Structures are given as C-alpha cells and as structure tokens.
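S.K.: Next come the chains, spelled out residue by residue.
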Amino acid sequence: MNSCSILGMEVLGVEVEVNTSGNLPGIYMVGLPDAAVRESYRRIKAAIANSELPFPRTLITVNLAPAHLRKEGSNFDLPIALAMLAVCGCLEPGAFQGRLVVGELALDGKVRGIRGALAMASWARKRGWRELILPFPNCNEARLVEGIRVTGVRDLREAMEYMRGRELDQPPALAMPDREEPLPCLSEVKGQLHAKRALEVAAAGGHNLLLVGPPGSGKSMLAERLPGILPPLSKEEVLEVSSIHSVAGLLDPDRPLRRTPPFRSPHHSISPVGLVGGGRNAPRPGEATLSHRGVLFLDELPEFRRDALEALRQPLETGYVNVSRSLLTATFPARFMLVAGMNPCPCGYLGDSLRSCTCHPARVRQYYSRLSGPLLDRIDLQVAVPRLTPGELVELPAGESSREVRERVVAARERQRRRWGGDGTCNANVDISRLRRLCPLGEEEKRFMYVASERLGLTARGFDRCLRVARTIADLAGRESIAVSDLAEAVSYRYLENAREGSLFKEVCRGAGI
Amino acid sequence: MEREYRAALACLPGMSPLALPRLLGLAGGSRELWNLLCRGGERAEALVGVEKASTWVESTRRIDPASLLASLESRGIRVVLPGEGTLPRALWSIYDPPALLFLRGAEPPAGSPWVAVVGSRRASAYGRRCAEYLGRELASRGTVVVSGAAHGIDRCAHEGCLQGGGFTAAVLGCGIDQVYPAHHRDLYERIAARGCLISEYPPGEAPLPWRFPHRNRLIAGLAQAVVVVEASEKSGALITAEFALEEGREVMAVPGPIDNPLSRGTHGLIQKGAKLVSCVEDVLEEIFAPRLLEPLSLPPRDGGVSAPVCGKVPTESDFPSAGTAHTPGVGHRWGPLPEDARAPGETMHPLAGEGRRVDAALPSLANGAMTDDEEAALVDLLRDGEKSLDWLAARSGKSAGRLLVVITRMQLKGLIREEAGGKYGLAAVMPTKINNNKFY
Numbered sequence: 054m055n056s057c058s059i060l061g062m063e064v065l066g067v068e069v070e071v072n073t074s075g076n077l078p079g080i081y082m083v084g085l086p087d088a089a090v091r092e093s094y095r096r097i098k099a100a101i102a103n104s105e106l107p108f109p110r111t112l113i114t115v116n117l118a119p120a121h122l123r124k125e126g127s128n129f130d131l132p133i134a135l136a137m138l139a140v141c142g143c144l145e146p147g148a149f150q151g152r153l154v155v156g157e158l159a160l161d162g163k164v165r166g167i168r169g170a171l172a173m174a175s176w177a178r179k180r181g182w183r184e185l186i187l188p189f190p191n192c193n194e195a196r197l198v199e200g201i202r203v204t205g206v207r208d209l210r211e212a213m214e215y216m217r218g219r220e221l222d223q224p225p226a227l228a229m230p231d232r233e234e235p236l237p238c239l240s241e242v243k244g245q246l247h248a249k250r251a252l253e254v255a256a257a258g259g260h261n262l263l264l265v266g267p268p269g270s271g272k273s274m275l276a277e278r279l280p281g282i283l284p285p286l287s288k289e290e291v292l293e294v295s296s297i298h299s300v301a302g303l304l305d306p307d308r309p310l311r312r313t314p315p316f317r318s319p320h321h322s323i324s325p326v327g328l329v330g331g332g333r334n335a336p337r338p339g340e341a342t343l344s345h346r347g348v349l350f351l352d353e354l355p356e357f358r359r360d361a362l363e364a365l366r367q368p369l370e371t372g373y374v375n376v377s378r379s380l381l382t383a384t385f386p387a388r389f390m391l392v393a394g395m396n397p398c399p400c401g402y403l404g405d406s407l408r409s410c411t412c413h414p415a416r417v418r419q420y421y422s423r424l425s426g427p428l429l430d431r432i433d434l435q436v437a438v439p440r441l442t443p444g445e446l447v448e449l450p451a452g453e454s455s456r457e458v459r460e461r462v463v464a465a466r467e468r469q470r471r472r473w474g475g476d477g478t479c480n481a482n483v484d485i486s487r488l489r490r491l492c493p494l495g496e497e498e499k500r501f502m503y504v505a506s507e508r509l510g511l512t513a514r515g516f517d518r519c520l521r522v523a524r525t526i527a528d529l530a531g532r533e534s535i536a537v538s539d540l541a542e543a544v545s546y547r548y549l550e551n552a553r554e555g556s557l558f559k560e561v562c563r564g565a566g567i
Numbered sequence: 028m029e030r031e032y033r034a035a036l037a038c039l040p041g042m043s044p045l046a047l048p049r050l051l052g053l054a055g056g057s058r059e060l061w062n063l064l065c066r067g068g069e070r071a072e073a074l075v076g077v078e079k080a081s082t083w084v085e086s087t088r089r090i091d092p093a094s095l096l097a098s099l100e101s102r103g104i105r106v107v108l109p110g111e112g113t114l115p116r117a118l119w120s121i122y123d124p125p126a127l128l129f130l131r132g133a134e135p136p137a138g139s140p141w142v143a144v145v146g147s148r149r150a151s152a153y154g155r156r157c158a159e160y161l162g163r164e165l166a167s168r169g170t171v172v173v174s175g176a177a178h179g180i181d182r183c184a185h186e187g188c189l190q191g192g193g194f195t196a197a198v199l200g201c202g203i204d205q206v207y208p209a210h211h212r213d214l215y216e217r218i219a220a221r222g223c224l225i226s227e228y229p230p231g232e233a234p235l236p237w238r239f240p241h242r243n244r245l246i247a248g249l250a251q252a253v254v255v256v257e258a259s260e261k262s263g264a265l266i267t268a269e270f271a272l273e274e275g276r277e278v279m280a281v282p283g284p285i286d287n288p289l290s291r292g293t294h295g296l297i298q299k300g301a302k303l304v305s306c307v308e309d310v311l312e313e314i315f316a317p318r319l320l321e322p323l324s325l326p327p328r329d330g331g332v333s334a335p336v337c338g339k340v341p342t343e344s345d346f347p348s349a350g351t352a353h354t355p356g357v358g359h360r361w362g363p364l365p366e367d368a369r370a371p372g373e374t375m376h377p378l379a380g381e382g383r384r385v386d387a388a389l390p391s392l393a394n395g396a397m398t399d400d401e402e403a404a405l406v407d408l409l410r411d412g413e414k415s416l417d418w419l420a421a422r423s424g425k426s427a428g429r430l431l432v433v434i435t436r437m438q439l440k441g442l443i444r445e446e447a448g449g450k451y452g453l454a455a456v457m458p459t460k461i462n463n464n465k466f467y
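Going down the list, the sequences are from chains A and B.
Residues in the first sequence are numbered from 54 upward in steps of one, following this note's numbering.
Residues in the second sequence are numbered from 28 upward in steps of one, following this note's numbering.
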C-alpha cells in the first residue's frame, strides 16, 4: 500500500505495510510516527467499526517506510485502514497496484480533506503513479494536474468499493479560470495620487514599497489594491501558487485556482518562523512563501520583531527561503513584493493637518531607528500617505480604475521582459551592473543626478535605487532611454532616505521639528 | 595666572557658574579663592559649606590649574575672561555675568551686531521656515546669529545663518564638549567650523534641565535684539525674552496663526509691546537705527550678488562641476548653492536690501527667467502654506507623475521642500513689509 505526505514543500513517498500475527489483539505502529499518526489507530478502529467492516482481531504491525524519516499528519489513516481491510480479505492485494492513497478518517468512516493535494498529485504524476485516491474535497485541486487519474472518495466504504471495481461519479475537471475574481478597485481610494503613482511604479517594476502615513490615511486600502494592478499570473504561476497554498492548507476547495496574485498581511506580532517558514521537524511555509508571486503587506513595520524582519532579508535578496533544521533542510520559493506601512511617528500624527503630534522628537528618532538599514535598502519606493481632510474627501476625484493602471503596468512589464529576458527579472531585481550597462544615462541625465546627489544627499545606494525606479518610470512611459524627468520623479520617492542615513536625517527631522 | 585659576575653579565638581562670581568677590580674587579651597579648614567651610569644602579640598589636589588650561586648549577649548575677546561687551555687564566662558570654534567678528533668534523646540513648518529665513538674511547683512542649538527654531536659525555664509554662535546648557541633543553632532561641528560654541559650564557637564534657563540669560546678554519666532506659553524662549527685557535688549516676535498654540507666546509678547517682525528689515531697523545717521561706508547692494539666478538663460555650462567655485552672479540651472551665493567676507549695508527683500529670500522667484510657467504656478499654489500632492494635482490639473518631476526640480533649486506627512511647502518665506503710508 502506498501513500505520501508533505515535508516542507516536498512530497515524501511512504509505503504502508501491515502485518498480522496470531497473538493477542493489539497494534504496533513503527517508522517514526508522530502523535497524529499514532492516534490514527483509534480513528481507524472506530471508522472501520462504524462502516460495519471487519477489523483484524490479531496483533497488527504497521510499518511506514522509509523507516528513518519522521512521518507526520493524518494522511495515512485511509491507506492504513484499506491495508487492514485487505488483511481481513475485503480487498485483493492487487487492487493497490499503481495506486497512491491519502486521506484522513473521521470516526464515522467519512474521509476528511488533507493539505497539499495539488503538490501530491504533481509528485505522483512525475513518479509514474497510475492513480491518486484522495478525499473528495481535495479532488478539485488535484485534478488540475494533467496526466494522472484522480479519484475522490467520500467515505471508507466507498473507497473500498471503488478499489473492488465499482465506478464512482466524479465532478468535472476544473478549467483554468479565464475570468478574474472581482478585486477592490483603485478608484475607491480618493486622492492619494502620490501613493497611487508609487503603487503603479512598484507594480510595473516589481519594486518594494513603503507607505508612511497617520492611522486612517488609507495605507492598508492602498496596499490591498496592489494585486489588482499587477499582471495576472500565468498558467504555470497559478499552479505554483496554488500548490503552495495547498501545502499550507489554505486553498479554497471549490475554487482552487486564482489568477490574481496572492495578498498576505500578517499581524506584527508574527514570529520569524511564521514569516519565513520553519518548524521543528517538518518545516511549513511562512507568510513570505504564501505571498510568492504576490504581495506581502507588513503594516506597522517598526512594530514587527526585529529578528522577523531580519529573516526577511534572504527572500528579498534571493527570492527563496532556506530553512535548515537538524533533521532536514527545506527550500521554499518566496519571490514577493514587499509593501510596508508605518506611522510617521509613535503617536501617528506627525505632519497631520487635523491632529497634532504629541511625540517628543527624540522618540520619533528612536522610532525610525528601529528600522533596519539593510531591510530599507531593499525598499525602492518610500512615499508619504497624508490623511485627507473631510473637505478633500468630498472634493477630490476618484481617479483611475485598477484596469486602466494595469494596462500600463502590463505594457511596462512586457518591455522589461524583452529587455532582461523572460525569467521573471524586472527592474527591481536585475543586477545593477547590467542595468547600468544596458541603460546608460545621457550627459544631461548624468548632470542631473550629479546635482541631485549633491543637493539631496543621495548615497551610492540611493543613487542605484533611483536608477532602477527611473528605468521603471521610463518603461511606463514607453521610453527607450531614461530621461531627466524620469530621474526627477524617481528622486521624489525617497521619503525616508535621509532618516536612514542617520547623520543628516533631513526630511524627517524637519517634520519633527528637530 | 588669573585664567588658569578661574578655569580650574570652574572645573571643580559641583561648582555653580552662578555662585562662582560671588565666591570670587568674597575671597578677593581667583588665586585667593583657589588657595583658600586648597587649604580647606574653617574659612573654606564658612565660605562654601562643610560638604563642598571637603570635596573641593580633594579636587584641588588632583587639579593643576596650568596643565588644566593646557589640556583644554589642546582640545580646542578656549577660556574667555570678562572683557576679553570679541564677544559683545554688553554681555559682561548683565545682572549676573559669568566669571568666564568656554568657547570652541572661531573668534567672533569684532563689532558685528548680535541678534538672537529663539523659539519652540517643536516648531511648525512655518516657524522653521521663518527661523531659517531670519538666520540667512541676518547673516547676509553681517549680523551674528546667536541661539541655543536646540531642536526646531534654534536649529533652523543656525542652519539659516550657515547657509547665508554668516557667523553663528550657539550657547549651550551643558559642557562645551557635550552634544545635546545628541543627533545635533553634525550641526555642532558645522557651527564650530564657521561660528562658535559658547558655554559657561566646564567640559563634561551634563545637560540638566535647570541649566537651560541660565543659558538663556547668556543668549539675551550676548544679543542686541532677541527675536522670538514661535513659542508656546511655557516656552523657554519667553524666559530669554524676559532676560532680554531686564537687560534692556530689543525684544521682537514673529507673528503666527492665531489658532496655533505656538503663537500664544509670541502674540503675548507683541501685545506687551514687542515689535512685530514681518521681514528681516524690521529687525535690522532696530539694531542699526543708531547708525543710520552715519555716512555709509559700504556700497549699496548689487542685485546680481544677492540674487544670483537672475536673468540668464540656463546653458549646459551652468552646472556646477566639482572643484570649481561657483561665481556669484552667474545663474545655473538647478538654482543657487546657498553657501556660494555670496563671496566670503563680503558685507552688505544693513538696509541695502530694502525693497528687494523678495529677491533676497527667494532668488529665483523674482525673475521669471529661471522659473518656467509650471513652476511659477506651483509657487502660487503654495503661497498660503503647505499642500498635499492631491491638493496640488486637483488645482493644477496635472498628473501626479508630472507634478513630482516639477517638484523635484524645484527642490533642487531650493524653492520647495517636502514636509512631514507628504506635504510640500515653499522653502523660504517671502515676507511682505507693512507699508504704513498706505493706511489712511
């Protein structure tokens, strides 16, 4: 009897062996089972009894091979139960040929859903299995994998009868959704042109974004609308994203496929493991991986644990997470856009037109110093999101819809694809020397940057970030080379630049009256 | 030897600068006081109390006055005794003058008028703009700007003065080698390079709260006029104004919006008779009034110098290149470098700027050649205060991207600056002088 389970993002194939010997009734479960696997005996016993099927009245030894790897979860309930039924003579051992079985049992014999069905299906197909038998709720997602027969079973008796040769009626296979789910539209946010433009640039170039604004200014609203202006995911990306969410058990069983990029917004109390993934024995994907090919929104950035933010540096740099534990090492994909939100000061109202700030300037400084430089280095765009006055809320126009903005974004991404090649490289993550080589600045542009770096105190790093952003702005405008106006706009997205450089601290200090 | 002994006495642990002159008077001189404290005993106890007498007996053994002075000087700290140096003489005749001052930085220019610009630490954008404007304009008229190197108004006054190429003095409420607030280190260094730091506290003294009101009496004492920019009712700037009144200095105040709590102090001063400052000439009139009858020794101000970006159509060569000094009078594309706007050492007749103050405050605005229509429109929109990008976009009908381009360009020219909370405001105030003749 063959089954499998999820280990990190990988699928682990497990052979289930059941042996009976004529001693007193009892069970030994071997092969490093965890608590959930050891308990499965109780579930299986009840499920078989309640399905009015025979249970072997002998000493049973269940072996989960390979024996040296830890097994976790309840995936093995169904295969062990079926193997026991085979021992009792209800099933022919030949019925197991070429079939992979996973599923958790309820006490009444029903088969419960599991996580990671999509990943298991694609693993099974790669390994040449003929068929995957799994819980009915998971069969929609597993069907997305072509080239393997997928059968969903509702309860233990049905599973047994199916193995004996009875046909089951299965739901039709899901097609790739062509229509997109309705997403919140950008036109619902009034005003905030600076931030909206920054969202557009971020989406077009894959840049990370920091929104600084008082509570209630619409930082979360803006961030939630970013997936709606990102290009829709390709077919491969949809499967990749769905597979990750399937492993995490987050997939909607009825609509496993989504063409919109994922959007995750963890609370700031999240642990480093929760953010980048991990776990003692079997690493689970973290929020960074769940937002793969989508948006990770960290509201109240300075409130996040420092070690959690530090852990984000690897995925931001490389696009994946390596989790090393004593027993195994797992690699999770994690190429996401980071959108961070923060208040301009601890009380939140620095520079607000409606309420005055009550923070001591030194506390404001301390607040900004909690942000780690290396993390902020990876955030190309920093904009302020002011709170609108009631008058402005009434007066200001709604602005463009997400659809209009996305058309420009898609066109800009297409230009980048042609320039950098189609491997997902965009202006935000292309090697800077390559960017410099392929997009040289003209004389006028060089002069502008010279003056800008002198006047505004641009650092070498800030200079490179401006270059990347300017490249994206030029792509949005459909320009082949970077113009002075692109650079000028790029320079304006550096709200915190001086705050981080420490010595000058200009903009923020001026705001705090320091 | 007077200098050594005074410095050594000031450096005694727990010696109050306010008590030192009294002790000197009682003992009959610094050397006598020092020897008295060295010996200890009943006379010392009678003079300074039992506790201090015993600690100071200890301290006097450890301190060698001559080597102390040498070590101070090796650290760039000078000791200024009453009447010495180029500090305003008036300082030494205030009610409780310091027995000595520690000074770091350059020697102040002799004979220049000193003006204090003080105000709230938590200033509004408007206040900071005004302080910077006053600092810059006073500096460009050859005035020494004195303030307290604190957050907010103080910092902006110093910064403005440095921008204007002037001499600025910071009076500290802590030891001369201490930096408070700590992140003003860069400001301290720039002041020490092109101005001076002054303190009556020996090196190492911490910035304790009660030292600041005492420090304020020195600011008032040094200055011929005290301009309060923004002050709440309990602001330390009002203490400075109080001292200034007692010492017979001019007290002036910059008005603010009546609904801002930071205007309460300044408006209160104005109601009590302080002069309302609406432009730098209002200050200059008061400090230079006695000299107005004297013949003018300096040529009137040349427009090209004060407004270096006038007239010229920008060309490629207008960009500043590294290493070459910027010539006054020649405009360049991204606006003037404030430090280079005036040749060093050049002084102006104090009132020569009359009638040209707009040019002086905002060089590129007076003349349309440098600002194109887009920029001029933006300046008009920003005239009555800071505005958000949304507001600007709604009023100007431009896209956010385009506005950001224009704003950056104007930031580089020094016309606009980004304020906290995503607002943009004019970088300099454009004050309007009240023309009293018009009221009839």
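Calculated from the structure, these hints are not laboratory results.
Computed from a predicted model, the values in this text were never measured in an experiment.
Check each hint, because a few of them may be wrong.
Partial list, derived from the structure: chain B residues whose beta carbon lies under 8 Å from chain A [as the list claims (entries may be wrong)]:
#1 Met28
#2 Gly424
#3 Gly428
#4 Ile434
#5 Thr435
#6 Lys450
Backbone N, C-alpha and C fix where the C-beta goes; we use that ideal spot for every residue, glycine too.
S.K.: It remains to establish, for every hint, whether it holds in the given structure.
M.R.: So, going through the hints one by one against the coordinates:
1. Met28: With a closest approach of 42 Å, the Met28 (chain B) hint is violated.
2. Gly424: violated (11 Å)
3. Gly428: Holds, about 6 Å.
4. Ile434: Check passed: Cβ of Ile434 (chain B) comes within 6 Å of chain A, closer than 8 Å.
5. Thr435: OK, holds: Thr435 (chain B) within 8 Å of chain A, min 4 Å.
6. Lys450: holds (6 Å)
In this structure, the earlier hints numbered 1 and 2 are contradicted, and the remaining ones agree with it.
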